[in-house]
Amino acid sequence: MFSGLSQGAAIIFQLDVLLFLLGGTFLGLIFGAIPGLTATLALILLLPVTFGMEPAVGMAVLGALYIGGVSGGKIPAILLNMPGTPSSIATTFDGYPLCQQGYPGKALTYGIFSSFIGGLISMIALILIAPSLAVITLNFQSYEYFILGIFGLTVVASTTGKSLINGLISATFGVLIATIGGDPIAGVTRYTYGLRPLEGGIQLLVAMIGLFVITEVFTQSADVNKKYAYSSNKLDSMKLELKVLAGQTKNFIRSSLIGLGLGMLPGAGGTVANFIAYDQAKKASKTPEKFGTGILDGVVAAESANNAVSGGAYIPTITLGIPGNTVTAVILAGLITHGVTPGPSLFRNEVQLVYAMFIGLLVANVFMFILQHTVMIRFFKWALKIPKTILLPIIMMMSIAGTYNIRYSVNDLWVLIVFTAMGYILKKSGFPLTPMILGLILGPIMERSLRTAMMATGGSVAPFFTRPYSLGLIILTVLSLGLTYIFNWIRKNKLKEDGLA
Amino acid sequence: MLSLIKKLDKNYIVHLLVNIFFVVFGLIFYFESFNIRRGFQQIVGANEYPRYVALFLVILGIINIIKSGIKYRAGEREVEELKIFKEFRVAGDKIIPLFLLLILNILLTRIIGYFESGFVFMFLAIFVLGPKTKISLLKALGFAIFITLILYLVFGIIMNIYLPPGLIF
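So the sequence lines, in the order shown, correspond to chains A and B.
Counting from 1450, one number per residue, gives the positions in the first sequence under the numbering used here.
Counting from 36, one number per residue, gives the positions in the second sequence under the numbering used here.
Please keep in mind that the hints were generated in silico from the structure rather than gathered at the bench.
Fair warning: there could be bad hints in the mix.
Stated by the list, open to error - In silico BS3-like pairs for lysine-lysine, Cα to Cα no more than 25 Å straight-line: (1) A:LYS1837 - B:LYS167; (2) B:LYS106 - A:LYS1941; (3) A:LYS1611 - B:LYS174; (4) B:LYS121 - A:LYS1611; (5) B:LYS45 - A:LYS1837; (6) B:LYS102 - B:LYS167; (7) A:LYS1611 - B:LYS106; (8) A:LYS1739 - A:LYS1943; (9) A:LYS1837 - B:LYS121; (10) A:LYS1877 - B:LYS106; (11) A:LYS1837 - A:LYS1877; (12) A:LYS1692 - A:LYS1611; (13) A:LYS1941 - A:LYS1739; (14) A:LYS1692 - A:LYS1739; (15) A:LYS1611 - B:LYS118; (16) B:LYS102 - B:LYS118.
Just chain A, same shape as in the assembly:
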């Protein structure tokens, strides 16, 4: 390992490579920070640029884009209540309320530090124990992935919105919409009704842009004359206080480990991690009722987890050749294009490249921390000087560009319209949208897993209850639902006693 690290360091610590990493991180931050643009888009656009580089350098630059893209999403999440990326959705729950209370600097500072810590923990774990960790994920099969999907959906349904049943309806709706198009196993066309826009299924990014970005634009159009919550262009203090950091230590570690663990699971990970970490932070807190009102713990949990996913997601990608998420799928494509075969042999045959990627991630993490504290917030502060009457149409135009760029299809723009209308009405009627998006993400994975599992067992559901990991996840799901119901019941009774119901 040490020999690999020194070889990797020799590649990365050259001026031109460091400049590439700095540029990659900055671009990733821009893409992550601007709603409508994502790390995935950044990677897809810049992948051809890396072909002219050495494979190790090219892969390190892609990693820097990833780190920047994941981290940048917190800036609009906190300042505008618009998550820049799916993995920043949970950051809005407490980040935006903090901003509204006049503490955007505080939210950003601790969010940035949380991202840094989460990334650092996951990257150190990646470097030290990657080969061993990969063995554990080999034990997860279809049964576990299906139950994990249910667990993820129930957690999100219970943590977002005021009503558990509304959350479950939203999640189920998302899972159902995800069945439109070709089925993931037999390729059977479903629910297209002959409409071309539906033949390729519902693209997650299109749904996300419609449900979160443009819906928020409509919401903000209701008060265009009101400046953004962060209106003075002077941030409150961005100093880190040791006392606060010490108080968040358990939260940092717990959330980072959740992100790392979930990031390792192919197909799950990023988006689920920030919700589960948030949920766990809420359950572990002495003041869970403050979550959602602007509490630092919520921001710390979400941001630690979402950045910790980055290290974890690399593990199945480079050890098994199975992408941990959409972004690492592009990274996998990059590896193959550079003539590198991912898998267990990578650690044997391409030691230099592997450790260069790892060290590149560490360096990008540091650059992310520096850039967000310096350039990015000023850039965003400048952006906020632009009146809403101008900023909102710009965001819509960028969203349209981002939507079109997925499949170069105008049909996706029509799907965007539908999701915008639906998202606006549902959100304003008290139905949370986050479970719907998660249903869209996890739906195909759950379907593939369930149907594969049933084929393997010949129709028996026994393995779901006899396999230890699967049973553990079922117990967690039941506990999570049960605790949420009990907590809501206690809260309602308390409100009735206080005469507030």
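Go by the hints and put chain B onto chain A.
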């Protein structure tokens, strides 16, 4: 019927309609699943998985309708009106035109290109969102030209993102 609707609390009407939407949506997907091919040698077929999910959605929707109906009959009312009413009262004159402009933009994108239709969209959207004066009309025109050029520079030249070509760009 109209008098009955008038007597009902408007929050309750919206909740009811949305839940009915979910139930109807679920039923459509449920019955349509019988027209979908099962797929070759599947234990849980391509038609069955969405059927179970749709059924679950219908059940949840019905439970929610019954639950809110029971609460309504018991006299429990939401203290605050739903945000949809508040926002439409304050900014319905902005939200609806903005939505229609979005549709217009997509229609025009196919005909005159992304940047050209974007210019039209930006001009009208900035005017709709701002004060309705001659000066704001001119400002909207100026900003629309400027931002369209910036977007072309960033998307079209620097990032080289492919977007529907048009008359000029």
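Handout entry: Hint consistency between LYS102 (chain B) and LYS167 (chain B) [alpha-carbon to alpha-carbon, up to 25 Å]
Key = violated (46 Å)
Practice task
Below or equal to 25 Å on CA atoms is what counts here, so check LYS1692 (chain A) against LYS1739 (chain A).
Solution key: holds (20 Å)
Practice task
Below or equal to 25 Å on CA atoms is what counts here, so check LYS1877 (chain A) against LYS106 (chain B).
Solution key: Roughly 20 Å separates the two Cα atoms, so the pair holds.
Handout entry: Satisfaction of hint between LYS118 (chain B) and LYS1611 (chain A), Cα-Cα up to 25 Å
Key = Within the cut-off at roughly 14 Å; holds.
Handout entry: Agreement of LYS1692 (chain A) and LYS1611 (chain A) with the hint, judged by alpha carbon distance not exceeding 25 Å
Key = This hinted pair is violated, its Cα atoms lying about 33 Å apart.
Exercise for the section: Would you mind confirming whether the straight-line C-alpha gap from LYS1941 (chain A) to LYS1739 (chain A) stays at or under 25 Å? Expected result: holds (16 Å)
Handout entry: Holds or violated: LYS121 (chain B) to LYS1611 (chain A), with C-alpha atoms at most 25 Å apart
Key = This hinted pair holds, its Cα atoms lying about 19 Å apart.
Handout entry: Pairwise hint evaluation, LYS118 (chain B) against LYS102 (chain B), where the allowed Cα distance is 25 Å at most
Key = Cα-Cα ~21 Å, so holds.
Exercise for the section: Measure nothing beyond the straight line between the CA atoms of LYS1611 (chain A) and LYS106 (chain B); if it is 25 Å or shorter, mark the hint as holding. Expected result: The hint holds at about 16 Å.
Problem - Holds or violated: LYS1837 (chain A) to LYS1877 (chain A), with C-alpha atoms at most 25 Å apart - result: holds (21 Å)
Exercise for the section: Take the C-alpha atoms of LYS106 (chain B) and LYS1941 (chain A), compute the straight-line distance between them, and say whether it is at most 25 Å. Expected result: Answer holds: LYS106 (chain B) to LYS1941 (chain A) is near 14 Å, not above 25 Å.
Handout entry: Proposed proximity, LYS1943 (chain A) with LYS1739 (chain A) (alpha carbon, max 25 Å)
Key = holds (16 Å)
The structure fails to meet hints 3, 5, 6, 12 from the earlier list, while all remaining hints are met.
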